[in-house]
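Here the protein sequences come in this chain order: A and B. FYI, our numbering numbers position 86 of the first sequence as 86, with every residue one higher than the one before it. FYI, our numbering numbers position 75 of the second sequence as 75, with every residue one higher than the one before it.
Hints listed in this document are in silico derivations from the structure and should not be mistaken for laboratory results. Misleading hints may appear alongside valid ones.
[Said to hold, decoys possible] Only pairs whose alpha carbons sit at most 30 angstroms apart, straight line, appear in this in silico DSSO-like list of lysine-lysine:
| hint | chain 1 | residue 1 | chain 2 | residue 2 |
| --- | --- | --- | --- | --- |
| 1 | B | K3 | A | K87 |
| 2 | B | K43 | A | K92 |
| 3 | B | K43 | A | K4 |
| 4 | B | K43 | A | K29 |
| 5 | B | K12 | A | K4 |
| 6 | B | K12 | A | K29 |
| 7 | A | K29 | A | K87 |
| 8 | B | K43 | A | K71 |
| 9 | A | K87 | B | K12 |
On a predicted model such as this, the values are computed, not experimentally measured, just so you know.
Residue-level listing of the chains:
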Amino acid sequence: MEQKERQILVSVIGSILILGGYSLYVYHKYIAANPAIINDFKFWGRAFLILIPVGIAAQIVIHIVFAIVNKIATDEDLSTVDDERDKLIELKSIRISHWLFILGFFLAMGSQALGMPPWVMFAALLGSGFIASVISEGAKIYYYRRGH
Amino acid sequence: MAKCVIGNEIRKLRFLAGEMTQQQLADRTGVTRQTLAAIENGKYYPSLELAFRIAHVFGLPLTEVFSFRLDEDSK
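One chain only, chain B, in its complex shape (with noise of 0.2 angstroms):
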């Protein structure tokens, strides 16, 4: 089976939100800040709820924060 790889844009979202520091996105979100930074990172992949918290903190749908592709090549 194909590799799903997610990626995110919460690096250049935190930045938009006026330079947010992983810090304060993880205590918005009620998470430690190495788990965000693992996220950030495609180190760690959050659950759905998660995923929404960190979405709702930017106002935007999940779509917009997460990317999803197939690793065609990892078959």
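So that you can see chain A by itself, here it is in the shape it has in the complex (with noise of 0.2 angstroms):
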């Protein structure tokens, strides 16, 4: 496995932890202790908001600790170089990402056309979100891989 490849594999892995560790600790820190807070628009907005920097602070933590690990079971650097197929699968894996957001955003807002409850379009925004980054990652891996 190259390098690219194995940094995206690490990058999905923290993704999955991030958002598995914030979703039980918010379960069991708020949720469990009063469901009606799930229809909370107020709830919803504070988890999104803290979501985003505490997944950018541990998506770098990973980042980094990846370079070390990397550093001593490869001896190499890692690469700081983006050519023009980087750039390439990064704006074809951008698109997938970006349709399967969409997707996501239309059953949100379906689900609140059909008189769902608001935590049905929140949990359909957060999961859509996350889904649509952990594929266009793959599809990163599965491009550099297949090549094009």
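Mind assembling these two chains? They're in different frames, but the hints should get you there.
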């Protein structure tokens, strides 16, 4: 497995761990104690706003740890070069991510149009954002391996 | 429409250029070794600029590094 692919894989695993860990934390701290809070807009607003910086900080830490472990294991520095192929793969991956999130957005709005509770909309937004991120990263690995 | 297939002689040219490594050629053309390996294996077709850069390293015209044919079978 090439360095870029390892880097992407670590990022995907990081995303899963961050969202999983954060969801568990929020569930035990807030939802388990007061289940009615899941329909509170203020709760979801705070949950999203905290998740963004926490997610970014955690990804930076994971990236630094990966760089150190990678250096020890393979004695090679992380590549800082993003060439034309990397940019093309990035663009293709962003396109996939964009369409998946749009689909999730429509589902989220559709849930409200059908009179479902607010938590369904927020869960759909969060879920589609997460799925879009994981699948687009997976697509990068696919493009790196298959070529195009 | 017939599929276009772009071949290349990079592997042979590297060998003839004093067994230049992929990393050395990648450094001289400003791409990663992975991209160069993908080009060599026909998994990625480079931009015109990169193709010219590669040909320039070997001091050859583009057509001696890359070849083009139409794959009629894939119509």
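Checklist entry - Between K12 of chain B and K4 of chain A, does the CA-CA distance stay at or below 30 angstroms? => result holds (26 angstroms)
Next on the checklist: Check the hint pairing K43 of chain B with K29 of chain A against an upper bound of 30 angstroms on the C-alpha distance.
Outcome noted: violated (50 angstroms)
Checklist entry - Is K43 of chain B within 30 angstroms of K92 of chain A, Cα to Cα? => result holds (16 angstroms)
Checklist entry - Does the structure keep K29 of chain A and K87 of chain A at a Cα separation of 30 angstroms or less? => result violated (41 angstroms)
Checklist entry - Taking only the CA atoms, is the gap from K12 of chain B to K29 of chain A under or equal to 30 angstroms? => result violated (63 angstroms)
Next on the checklist: Does K4 of chain A sit within 30 angstroms of K43 of chain B, going by the straight-line distance between their CA atoms?
Outcome noted: Roughly 16 angstroms between the alpha carbons, so the hint for K43 of chain B and K4 of chain A holds.
Next on the checklist: Just to be careful, I want the Cα atoms of K87 of chain A and K12 of chain B compared with a cutoff of 30 angstroms; is the pair within it?
Outcome noted: Roughly 28 angstroms separates the two Cα atoms, so the pair holds.
Checklist entry - Is the straight-line distance between the alpha-carbon of K3 of chain B and that of K87 of chain A 30 angstroms or less? => result Status holds; Cα separation ~24 angstroms.
Next on the checklist: Can you confirm whether the C-alpha distance between K43 of chain B and K71 of chain A stays at or below 30 angstroms?
Outcome noted: holds (28 angstroms)
Violated hints, in rising order: 4, 6, 7; the structure is consistent with all others.
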